[in-house]
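2 protein chains.
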Amino acid sequence: MTQKNIVIVGGGFGGLSAARILLRKNHKVTLIDQRNYHLFQPLLYQVAMAGLSPAEIAYPLRALIGRKKNCKILLGKVIEVNKFEKWVRTETNKVPFDSLIMACGSTYTYFGSDQWEPFAPGLKTIPQATEIRRRVFLAFEKAEREADLKKREANLTFIVIGGGPTGVELAGSLGEITSFNIYKDFDHINAKQAKIILIEAGSRILPSMTEKLSEEAMKELRELGVEVRLNTRVSDINAEGVRIGEEFIPSSTILWAAGVAANPINKSLGTELDKQGRLFVSRLLSLPGHDDIYVIGDQARYEWGPEKTPLPGLAPVAMQQGRFVAQVIDLKARNKNLPDEFKYVDKGQMATIGRGRAVAMYKGIEMHGFLAWMSWLVVHIYYLIGFKNRLFVIFQWAWMYLTFRREARLIIEKE
Amino acid sequence: MTQKNIVIVGGGFGGLSAARILLRKNHKVTLIDQRNYHLFQPLLYQVAMAGLSPAEIAYPLRALIGRKKNCKILLGKVIEVNKFEKWVRTETNKVPFDSLIMACGSTYTYFGSDQWEPFAPGLKTIPQATEIRRRVFLAFEKAEREADLKKREANLTFIVIGGGPTGVELAGSLGEITSFNIYKDFDHINAKQAKIILIEAGSRILPSMTEKLSEEAMKELRELGVEVRLNTRVSDINAEGVRIGEEFIPSSTILWAAGVAANPINKSLGTELDKQGRLFVSRLLSLPGHDDIYVIGDQARYEWGPEKTPLPGLAPVAMQQGRFVAQVIDLKARNKNLPDEFKYVDKGQMATIGRGRAVAMYKGIEMHGFLAWMSWLVVHIYYLIGFKNRLFVIFQWAWMYLTFRREARLIIEKE
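From first to last, the protein sequence lines stand for chains X and C. Numbered according to this note's numbering, the first sequence spans residues 1 to 415. Numbered according to this note's numbering, the second sequence spans residues 1 to 415.
The reader is advised that the hints may include incorrect statements.
It does not matter which identical chain is used: a pair holds within one copy or between any two.
Cross-link-like lysine to aspartate or glutamate pairs, in silico, EDC-like; alpha carbons within 20 Å at most [stated by the list, open to error]:
1. K69 x D330
2. K414 x E117
3. K308 x E272
4. K28 x D330
5. K151 x E91
6. K124 x D148
7. K275 x D330
8. K94 x D187
9. K414 x E131
10. K28 x D187
FYI, nobody ran anything at the bench for these hints, they're computed from the structure.
Work the whole structure out from these sequences, hints included.
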């Protein structure tokens, strides 16, 4: 009854959740990922902001599931999927499958202005996080040694584009760094005079939360010295700063947290995509016309709820979908009845702003301030993988909270 | 009485030791470094071997001493020293000095074959350490997905060139990784079959230690599966492997731990250099003819002991010299009598090979095995800077010892 070969592409929240259940039920699984580690993306901004080290939020896939006898791991990027002959191909290997789970996640989009990327990096990978860290802390050093007051001001101006959770977390952390962590460390500059500007095109930040929580988040950001500009569209980004209509804001550190786009591989699968490039999937999360090919997480468009809204790109969605398709595959292998459709259980949403500051909503309950922040800490520690990583992150956070220090602020030179 | 302006170039062991004493004695100090952190170099090989994270062995200079009112820190690389007008220049700033301490350390040399560097990186910086980590763990992944047996063997062949402490520590760690840490993690390869070859041009490894300890180290390396080749000179290194006379050893991972050369800035100072490019210094560690310019650590050639041998490039030498020149500068400022000469107190030497395996010598006492290893652990924790770093490193080591895991083995992609 055991399936011949189940291939999972992507070891993120979705792929890993699926793999764990399939392995437990003794199916043969091949996990393909272009990285050798699972990354706990929700804390990546803390690597960028010098609170944590990469190894504390990443876990080697082989150490996680690779020792199971029914698990193979292949390092590589999938560049081709053949739906009919049923195989996937990486740069180096061709792997046949009986069932396929695509869980490749999403990427950033610059809305057609890809030339902005070198000046305004996004935050999806560890190298991007350490690059942002390098730019932020180098900006203070440049300001410190700069005699020209205008240039110094540009070095002390930090612009975050995009008012979703990542943008809010980055802007809040920058506010915390300049308010608490480093203001005593310089002679010529006062880090408290740094300008932090959060730019959002829509009418409020954290648009997926309630209006009240958007307001609270705005208030908490302002308390940390962050200027929030709503209904504001960036018209150009270059090495000198950001243009907003007539206004030009000189800045040497611009961070991009605005547009999310689905993985480019979606286009090669030959079925319908939505505007954001996500693949429409069946009620069992399979590709239309291909029952054995499942698409989950950020890659998939699945409508749910009374208003049939597409599910957002959140870790709980990917995890629930991963577990669901694993169960479907297992039930099929055992010739059991299948469920009607994937049912999403809303796990709420949260975003942290700074020490003692966060917003959270869960089943109609709204929280902000210290209580929301504590909930945020507990939830993130709980979902982090690996006992040692949990212990280290708890300790790093306690240390940072008590000492007001951020000790991972290394400016690692580029080779 | 306080000195006007003391400039220290380099925040390594020597420069930092000098800075701490001068700051305590209320002198004005400007510390210039091209990095914003002090790096605990003796543990850098553990970052390369996935035992530790960079932030655990590096400490931001500003957090360390930058908050003292009499301390300025300037991020930059010194590209010019004017001995007569008494200033140094970085790419961005010109800094006048009354006294100057040069503590810029050393670099690797490929003995005129710089074209080898891309194929055999050295281990002096954090980017080099993470690059070595990437190559080592990628080699196992490549071997795993390789069908061609010859290519697989090349991917599982690791060559370390240079039998000094760094070379021994790298080769020993590789032996440990393949013997204990990851052999269960792969399906197609047996990591225990990996070949690790340590190549030394001289007649024994660890030549600065006693012959008996060299023998012990050889034995311990062999127990970890390392093949040691003495009296062996590399004649070429390329992308395919290493040539030794007639023999060619195919290998995809080659590490360089052979030749150390002084900082290139030495040549610009216009005084005599020894063969290794180090500056000859006076008995007070100053540059001949320039009493207010001191040169310490790996940059200086200072002869000592009954046989007048030049002091080796070790952390204790740099630290003692840093403290010594700080005292000389302070005594001069207070018009006190100066000491006759710098007196080195031998702190012994040690090198670790693997779990429970090390060699150490201290004042005629020789140790090897578990006891030497415990001493090595204690000494390195003691000298590591920062309470949090100490705690984290102790915990990482205990975890690694008990679980046989190395969890920092992330293959971080290049941007």
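Each hint, compared with the structure:
1. Within a single copy, K69 and D330 get their C-alpha atoms as close as 18 Å, which meets the 20 Å cut-off; across copies the closest is 67 Å, which misses it.
2. Proximity of K414 to E117 under the C-alpha cut-off of 20 Å is found in both arrangements, the shortest distances being 18 Å within a copy and 16 Å between copies.
3. In the homo-oligomer, the alpha carbons of K308 and E272 lie at most 20 Å apart inside one protomer (18 Å), although the nearest pairing across protomers, at 80 Å, exceeds that limit.
4. Taking the shortest Cα distances, K28 and D330 sit within 20 Å of each other inside one copy (11 Å), while across copies they are farther apart (71 Å).
5. Taking CA atoms no more than 20 Å apart as the test, K151 paired with E91 passes between copies only; the shortest distance there is 16 Å, against 46 Å inside one copy.
6. Taking identical chains as interchangeable, the C-alpha atoms of K124 and D148 are never at most 20 Å apart, the minima being 35 Å within one chain and 35 Å between chains.
7. Neither within a single protomer nor between protomers do K275 and D330 lie at most 20 Å apart by alpha-carbon distance, with minima of 32 Å and 70 Å respectively.
8. Proximity of K94 to D187 under the C-alpha cut-off of 20 Å is restricted to the inter-copy arrangement: shortest distance 17 Å between copies versus 58 Å within a copy.
9. Taking the shortest Cα distances, K414 and E131 sit within 20 Å of each other both inside one copy (9 Å) and across copies (11 Å).
10. Taking CA atoms no more than 20 Å apart as the test, K28 paired with D187 passes between copies only; the shortest distance there is 13 Å, against 61 Å inside one copy.
Of the hints listed earlier, those the structure fails to meet are numbers 6, 7, in rising order.
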